[in-house]
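K.L.:
Here is how the chains run, residue by residue.
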Amino acid sequence: DTAVSQTPKYLVTQMGNDKSIKCEQNLGHDTMYWYKQDSKKFLKIMFSYNNKELIINETVPNRFSPKSPDKAHLNLHINSLELGDSAVYFCASRLSHGTPYGYTFGSGTRLTVV
Amino acid sequence: GDSVTQMEGPVTLSEEAFLTINCTYTATGYPSLFWYVQYPGEGLQLLLKATKADDKGSNKGFEATYRKETTSFHLEKGSVQVSDSAVYFCALKITGNQFYFGTGTSLTVIP
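In order, the protein sequence lines correspond to chains A and B. In short: position in the first sequence from 1, add 6, done, that's the numbering used here. In short: position in the second sequence from 1, add 1, done, that's the numbering used here.
Quick caveat, the hints were computed from the structure, so don't treat them as lab data. Heads up, some of the hints might be wrong.
[What the hints assert, rightly or not] Ranges of calculated distance between the beta carbons of each label pair, as one might list FRET restraints:
(1) L14(B) / V18(A): 32 to 38 Å
(2) T71(B) / E88(A): 40 to 46 Å
(3) E17(B) / N23(A): 20 to 26 Å
(4) A9(A) / F19(B): 28 to 34 Å
(5) G79(B) / D44(A): 29 to 35 Å
(6) T29(B) / Y16(A): 39 to 45 Å
(7) T71(B) / L89(A): 27 to 33 Å
(8) T13(B) / Y16(A): 26 to 32 Å
(9) S84(B) / V120(A): 33 to 39 Å
(10) E43(B) / V120(A): 32 to 38 Å
(11) S86(A) / S59(B): 24 to 30 Å
(12) F19(B) / K47(A): 19 to 25 Å
(13) T29(B) / H103(A): 32 to 38 Å
(14) V120(A) / G10(B): 26 to 32 Å
[Said to hold, decoys possible] Covered, in the sense of this in silico footprint (three residues per stretch, anywhere, with C-beta under 8 Å from a C-beta of chain A), are these stretches of chain B:
(15) 58-67
(16) 103-110
Glycine included, every Cβ here is placed at the ideal spot set by N, Cα and C.
Next comes chain A alone, as it looks inside the complex (with noise of 0.2 Å):
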C-alpha cells in the first residue's frame, strides 16, 4: 500500500560499521532521492537518480554510496559510519516530465551512530 517505503524505520549501529538503507516506490515515479534531515530539521540533498541514472551528486563523502537497480528502487549504502552520520534519511521520488508536482517521501529512517 505504502507509495515509498524505507527500510529499516530504525538503525543504530556501532562506529565504523558498513550498512544499508532500501527505498521503494510504488508510484511509478522515475526519479528517485535520498535527503538527509539533521537535528535542527535542516534537509539536504544527497543524491538523486533518473531512470537509475545518476542526476544530483551533491558533496557527501564518498563513504555513502547509492544505487539504483531499477527505476522502483534506489538504496543507501554508507561505509565506516561516523558519529556525524546520525540523522534522520529520508527517500523521496517523483515524476519528472508534465506537470511539476511535488515529491512524495518515505517516512525516513532514524540513523544512530554510536
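Start from chain A and add chain B according to the hints.
P.N.:
What follows is chain B alone, placed relative to chain A:
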C-alpha cells in the same frame, strides 16, 4: 543561486490563533513553489503548491499565494488546531530535478 528563506522558529500559538509563516525565494527562472509539512515522527507530506504567479494553493485550511512582485509564498491559516503542530518547509523548483528547501519552521499549538 536559487534559494528559499523562511522565518525562523519555533512558533508557539494558542488554539484558534491566526498563523503566518513567511517564505521568500530567490530564483533565476520561474519556479514552482511548495509547502511541505512534517508531523512528529513522520516523513514530509506535500501540503500545497502553486506553479505560477498569482496562483493560490490551499489545503486543510492552509493557504499560500505565489507573489512574484515580492518573491514570496507565505503560509497562512485562520484558526490553528493542536493537530497542526508540525514542522513546515517551504520549497521551490526551477528546472531539472532538484528542489530547494527552506530550513523549516517548527509550530506548536497549545490548547
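K.L.:
Now tell me if each hint is right for this structure.
P.N.:
Verification of the hints:
The given range of 32 to 38 Å is respected by L14(B) and V18(A), whose C-beta atoms sit roughly 35 Å from each other. For T71(B) and E88(A), the hinted distance range of 40 to 46 Å is satisfied, since their beta carbons lie about 42 Å from each other. At roughly 49 Å, the beta carbons of E17(B) and N23(A) sit outside the given window of 20 to 26 Å. Distance hint for A9(A) and F19(B): a CB-CB separation of about 33 Å, consistent with the stated range 28 to 34 Å.
Between G79(B) and D44(A) the beta carbon distance is about 33 Å. The supplied range of 29 to 35 Å therefore holds. Checked against the given bound of 39 to 45 Å, the beta carbons of T29(B) and Y16(A), roughly 40 Å apart, stay inside it. T71(B) and L89(A) have their C-beta atoms about 42 Å apart, which leaves the hinted 27 to 33 Å range violated. Taking 26 to 32 Å as the suggested C-beta distance range, the pair T13(B) and Y16(A) conforms, at roughly 29 Å.
Checked against the given bound of 33 to 39 Å, the beta carbons of S84(B) and V120(A), roughly 34 Å apart, stay inside it. For the hinted restraint 32 to 38 Å between E43(B) and V120(A), the CB-CB distance of approximately 24 Å leaves it violated. Checking the proposed 24 to 30 Å range against S86(A) and S59(B) shows it is violated: the Cβ atoms sit about 47 Å from each other. As the Cβ distance of F19(B) to K47(A) is approximately 23 Å, the hint placing it in 19 to 25 Å holds.
Separation of T29(B) from H103(A) is about 21 Å and departs from the stated range, judged on CB atoms against 32 to 38 Å. At roughly 29 Å, the beta-carbon separation of V120(A) and G10(B) lies within the given 26 to 32 Å, and the hint holds. Proximity of the stretch 58-67 of chain B to chain A, defined as three or more residues with a beta carbon under 8 Å from a beta carbon of that chain, is not established by the 0 residues found. Figure legend: the stretch 103-110 of chain B, annotated as covered by chain A; annotation consistent (3 residues with Cβ-Cβ distances under 8 Å, at least 3 required).
Consistency note: the structure conflicts with the earlier hints numbered 3, 7, 10, 11, 13, 15.
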